[in-house]
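Undergrad: Using the sequences and the accompanying hints, generate a full structural model.
Oh and the sequence shown: position 55 is 38 in our numbering, straight run, nothing missing.
Careful, some of the hints might be misleading.
Cross-link-like lysine-lysine pairs, in silico, DSS-like; alpha carbons within 30 Å at most [stated by the list, open to error]: (1) K191 x K107; (2) K107 x K86; (3) K139 x K112.
Derived Cβ-Cβ restraints for the label pairs, each shown as a range [as the list claims (entries may be wrong)]: (4) K107 x K8: 28 to 38 Å; (5) D124 x S(-7): 40 to 50 Å; (6) R18 x E82: 41 to 51 Å; (7) S(-7) x H83: 18 to 28 Å; (8) S210 x D102: 27 to 37 Å; (9) E21 x T192: 38 to 48 Å.
Treat the hints as calculated values from the structure; they're not laboratory data. Quick reminder that beta carbons are idealized off the backbone N, C-alpha and C, glycines included.
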Amino acid sequence: MDSSLSSLRSTFENIRRTQAENREKLPDLEDRAMRLKETREYAVEQNEELWAKAAENLKNNSIETDIGDRIIQISRMPPTHPTCPAANLDRYEIARIIEHHLKQPVPPNPETITCLMRDEIREKIRDAKIGITGANAVCADEGSIVLIHNEGNILKVATQTEKHIIITSREKIYPNLDEAINMVKVLTFYGTGHITTSYIDVISGPSKTADVDTAPLETASGERATSGVLVWQKPRS
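TA: Written out as structure tokens, the structure reads:
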């Protein structure tokens, strides 16, 4: 069997195995999935009010900061899975890709490869002025966005750069944070078999503090400015 197909099959088998292990932790999965479907139908088809509320509240030198996405970016290959973009590549192929990119010997060791990519990504984030993310959800009531991830990279992109730009679309708008968190559980289970990701971040604006003489200042430890771009895509008939 082709090594790419073998790696991809192994990834899907791991997800199915994890789903089976965690299935009883989500006894109401079908109800949650139906709730998510109903929320999305409402939000997409009848969301003029949500759209207005969210809008109100709310690559030349760019690099991907997820390790799998970064490997794919370096290799110039298309991703093969939404949560495991490099699932078609085994560790030997990845080592050769990274070796060519870094111009240094790279052993086919997953931990070594991960550390090399992590260090490069951290350096790039440290030097960046602008961080760009999507949004897994836009919460109309709260004017917040929800970001889910496992590596911690998205939080660094959002908070360790001077300006955080969020690019998302109307399909990501949810009525409130409760419905967004329901989506997170359903999406994570079907995508990876787990109940939740390592990180669930809710961002409602740039960092701020009022610790000095109770004077509110938007110059705390995180980003100094946050901007949102909502992309309008005409619904398909």
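Undergrad: Check each numbered hint against the structure and report the violated ones by number, ascending.
TA: none
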